[in-house]
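S.K.: The lines below spell out each chain.
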Amino acid sequence: MKLAVSGVVVLLALLYSEYGVTGMFGIFDKAEVHLSPEVRGVVTLGGEALSGVRVYRTLDYDREYKDWTVTDGEGRFSFPEMNIKSRRPKQLGDETRVRQVIGLDYEGKNYLLWYFVPGGITPRQAASDRLADMACELSVPETEQVFENKEHPDFPHSIFSICRW
Amino acid sequence: MRTISPRMAAEFAELVYQFRSANSEGNYRIPTAHLSLSRAFDLNLSGGPVLGKTGGMFGLFQKTSGFAILGTGKQAFLGHHVIAVRGTATSYDWLTNANVGVSASFNGSAVHSGFNATFTSMQPALERLLTPSMEQPNVRGLHCVGHSLGGALASLVADWIKVRYRKPVNLYTFGAPRVGMVGYSRSATAGIEALHRCTHGADPVPNVPLWPFIHAPVSGAEYRLDNSSGISVSAHGMGEEDVPGYRNTVNVEDWSQLQRRSENILSPVVRLDYERRHEAFFSGQWADKLSAALITLLKDAGYYSAVLAQATIGSALTFYDLLAKTLEKIAAASGRFAEQTKGLLGHMLAFARVAVTTVVDLTFKFIRWVFDQTAGALYRAVKQAIERT
Numbered sequence: 001m002k003l004a005v006s007g008v009v010v011l012l013a014l015l016y017s018e019y020g021v022t023g024m025f026g027i028f029d030k031a032e033v034h035l036s037p038e039v040r041g042v043v044t045l046g047g048e049a050l051s052g053v054r055v056y057r058t059l060d061y062d063r064e065y066k067d068w069t070v071t072d073g074e075g076r077f078s079f080p081e082m083n084i085k086s087r088r089p090k091q092l093g094d095e096t097r098v099r100q101v102i103g104l105d106y107e108g109k110n111y112l113l114w115y116f117v118p119g120g121i122t123p124r125q126a127a128s129d130r131l132a133d134m135a136c137e138l139s140v141p142e143t144e145q146v147f148e149n150k151e152h153p154d155f156p157h158s159i160f161s162i163c164r165w
Numbered sequence: 001m002r003t004i005s006p007r008m009a010a011e012f013a014e015l016v017y018q019f020r021s022a023n024s025e026g027n028y029r030i031p032t033a034h035l036s037l038s039r040a041f042d043l044n045l046s047g048g049p050v051l052g053k054t055g056g057m058f059g060l061f062q063k064t065s066g067f068a069i070l071g072t073g074k075q076a077f078l079g080h081h082v083i084a085v086r087g088t089a090t091s092y093d094w095l096t097n098a099n100v101g102v103s104a105s106f107n108g109s110a111v112h113s114g115f116n117a118t119f120t121s122m123q124p125a126l127e128r129l130l131t132p133s134m135e136q137p138n139v140r141g142l143h144c145v146g147h148s149l150g151g152a153l154a155s156l157v158a159d160w161i162k163v164r165y166r167k168p169v170n171l172y173t174f175g176a177p178r179v180g181m182v183g184y185s186r187s188a189t190a191g192i193e194a195l196h197r198c199t200h201g202a203d204p205v206p207n208v209p210l211w212p213f214i215h216a217p218v219s220g221a222e223y224r225l226d227n228s229s230g231i232s233v234s235a236h237g238m239g240e241e242d243v244p245g246y247r248n249t250v251n252v253e254d255w256s257q258l259q260r261r262s263e264n265i266l267s268p269v270v271r272l273d274y275e276r277r278h279e280a281f282f283s284g285q286w287a288d289k290l291s292a293a294l295i296t297l298l299k300d301a302g303y304y305s306a307v308l309a310q311a312t313i314g315s316a317l318t319f320y321d322l323l324a325k326t327l328e329k330i331a332a333a334s335g336r337f338a339e340q341t342k343g344l345l346g347h348m349l350a351f352a353r354v355a356v357t358t359v360v361d362l363t364f365k366f367i368r369w370v371f372d373q374t375a376g377a378l379y380r381a382v383k384q385a386i387e388r389t
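Line by line, the protein sequences give chains A and B. Just so you know, the first sequence maps onto residues 1 to 165 in my numbering. Just so you know, the second sequence maps onto residues 1 to 389 in my numbering.
No lab work stands behind these hints, which were simulated from the structure alone. Just to be clear, a hint being listed does not mean it is correct.
Unchecked claim - Part of the chain A face toward chain B, derived, beta carbon under 8 Å:
#	residue
1	THR58
2	GLY103
3	PRO156
Claimed, not checked - Ranges of calculated distance between the beta carbons of each label pair, as one might list FRET restraints:
#	chain 1	residue 1	chain 2	residue 2	range
4	A	ASP67	B	TYR28	17 to 27 Å
5	A	TYR65	B	GLY79	39 to 49 Å
6	B	ASN227	A	ASP72	48 to 58 Å
7	B	ASP254	A	VAL70	46 to 56 Å
8	A	ASP72	B	GLU127	49 to 59 Å
9	A	ARG40	B	ASP372	55 to 65 Å
What the hints assert, rightly or not - Anything over 10 Å on all C-beta distances counts as not near chain B; from chain A, calculated:
#	residue
10	THR44
11	GLY47
12	LEU50
13	VAL53
14	THR69
15	GLY75
16	PHE79
17	PRO80
18	MET82
19	ALA132
20	ASP133
Just so you know, these numbers come straight off a predicted model, no measurement behind them. Even glycine gets a Cβ: it sits at the ideal position worked out from N, Cα and C.
Turn these sequences into a full structure, and let the hints guide you.
M.R.: So, in structure tokens, the structure goes:
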């Protein structure tokens, strides 16, 4: 029985991928959604690198995608770029937004390294530049920071972070 | 009463889409420093956002039917409040349901029963959110804002606020569907200080539900923000990446910078010649024209008020059944009305892209079938993959 079910699943998966490519049925059309560019940063406290600290990243779209890492001997951490395929962008009335959050807990306190809601599902260069180079000094207070949107200059970005660039 | 700028209205309409539950680590922020609204309004998040139906806090909001946030004015907007509303997945089903019913709105006029049910589910939470602000002295006015279904809900909220708190109300909608019938639109037109209804030419949503639902104001005035035509799904989008995207097309400081046009949607007299039916094609313009032709026929035959009244009180018949029965009666009454009915039905078939547009007879059954084809074509455009993943 289990075999039969998985057989059907495989058959459906094949059909889906086939028609997904040709776009024969609109309902199988998916669009790529950029959830996060590559992330690189260093965590320090009073200028001293903090190693062994767990850093998390949550990316929301249709659901939450979560990963985490631990800082190395020099306080460095990184996350890979992440993209998904989704039907949502092509649906009338769908206004789902991406949310990127990066943070860490240290000695019982939560530090927010990045909180951003991009205005779309494609990469934003100015945000990617910042995420590729995060200096996270835990003694610096979190602020809301506004910066340019290179792709859509009329709509600047705003993030919350303890990092400065 | 002051109005908020087109840019600010669009910022609010999009901002409600950014609200979601905290992530699994409990992080929750609302970035607003990049928006012009942050210089005029503070967001009140102390009680969380307003939810319809299932209630509860953030975690449940995917399952709820409506959703709103409140902004409190400062400086030049001291004494002003903004309420921005959105619909959620479950309530979008109402947009694609051709067999809509009507129910009595807060002010007693006939409105879309689905939109009204969603509004009603939000009402207690709205009351809790708004009453403290509305009881303060010097309330200068309330601005209701919404995109898409949120626009329909904002319209019902505006009416309710007017009656409940007796304060001046402005309404700003982007790509909103029609909410009610003539009586509702008249009362909304009269009760709301300024009504800014924004549309894109190819946005299908402002075309539904079909007549007898009409937009307010009854003058048909709207801001048509682009020159697109036909029907396209992306024309409905709010965001900066959408084409054209309401954020992009209203990103100006003053309403006078936007093109205002007015098509009198109530009075145009349209009688359609059966032989010219092939001129009709699938577009928002023809959807309006078919509505006008239907109204003209009902008026010519003296059935207009009777149909409206019957539709309003509701009955076992669906609205299209009632219309089809009436047209069958009208067509049987005289040769002239039979011709006019035939002209209308032929154009409807051409609009709906039915292969054969020959009107074979004027029975209830056939007329009802033509209505199904017409409504079906329009709703299919709206429905395109609306079922969520």
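S.K.: Does each hint fit the structure? Answer for all of them.
M.R.: Status of the hints after comparison with the structure:
1. With a least beta-carbon distance of about 4 Å to chain B, the hint placing THR58 (chain A) at the interface is held under the 8 Å criterion.
2. Because the beta carbon of GLY103 (chain A) sits about 6 Å from the nearest beta carbon in chain B, less than 8 Å, this interface hint is met.
3. The criterion of a C-beta within 8 Å of any C-beta in chain B is met by PRO156 (chain A), whose closest approach is roughly 4 Å, and the hint holds.
4. For ASP67 (chain A) paired with TYR28 (chain B), a C-beta distance near 20 Å keeps the hint of 17 to 27 Å intact.
5. Range check, TYR65 (chain A) to GLY79 (chain B): about 43 Å between beta-carbon atoms, so the 39 to 49 Å window is met.
6. At about 56 Å, the CB distance of ASN227 (chain B) to ASP72 (chain A) agrees with the hint of 48 to 58 Å.
7. Distance hint check for ASP254 (chain B) and VAL70 (chain A): the Cβ-Cβ separation is about 53 Å, which falls inside the suggested range of 46 to 56 Å.
8. Between ASP72 (chain A) and GLU127 (chain B) the Cβ separation comes to about 54 Å, which falls inside the hinted range of 49 to 59 Å.
9. Range check, ARG40 (chain A) to ASP372 (chain B): Cβ separation about 58 Å, and the 55 to 65 Å hint holds.
10. Distance check for THR44 (chain A) against chain B: the nearest CB is about 21 Å away, which clears 10 Å, and the non-interface claim stands.
11. Look at GLY47 (chain A): its CB is around 26 Å from the nearest CB on chain B, clear of 10 Å, so calling it non-interface holds up.
12. Look at LEU50 (chain A): its CB is around 18 Å from the nearest CB on chain B, clear of 10 Å, so calling it non-interface holds up.
13. Distance check on VAL53 (chain A): its Cβ is at least 14 Å (rounded) from any Cβ of chain B, clearing the 10 Å threshold; non-interface status holds.
14. Chain B leaves THR69 (chain A) outside its interface by the beta-carbon criterion, the shortest separation being 14 Å against a cut-off of 10 Å.
15. Non-interface call for GLY75 (chain A) relative to chain B: holds, since the shortest CB-CB distance, roughly 20 Å, exceeds 10 Å.
16. Listed as a non-interface residue, PHE79 (chain A) keeps its Cβ farther than 10 Å from every Cβ of chain B; the least gap is roughly 15 Å.
17. PRO80 (chain A), annotated as away from the interface, keeps every beta carbon of chain B farther than 10 Å; the closest lies near 19 Å.
18. Non-interface status of MET82 (chain A) relative to chain B is upheld: no Cβ of that chain comes within 10 Å, the nearest being about 15 Å off.
19. Non-interface call for ALA132 (chain A) relative to chain B: holds, since the shortest CB-CB distance, roughly 20 Å, exceeds 10 Å.
20. No Cβ of chain B comes within 10 Å of the Cβ of ASP133 (chain A); the nearest lies about 20 Å off, and the non-interface call holds.
The structure agrees with every numbered hint stated previously.
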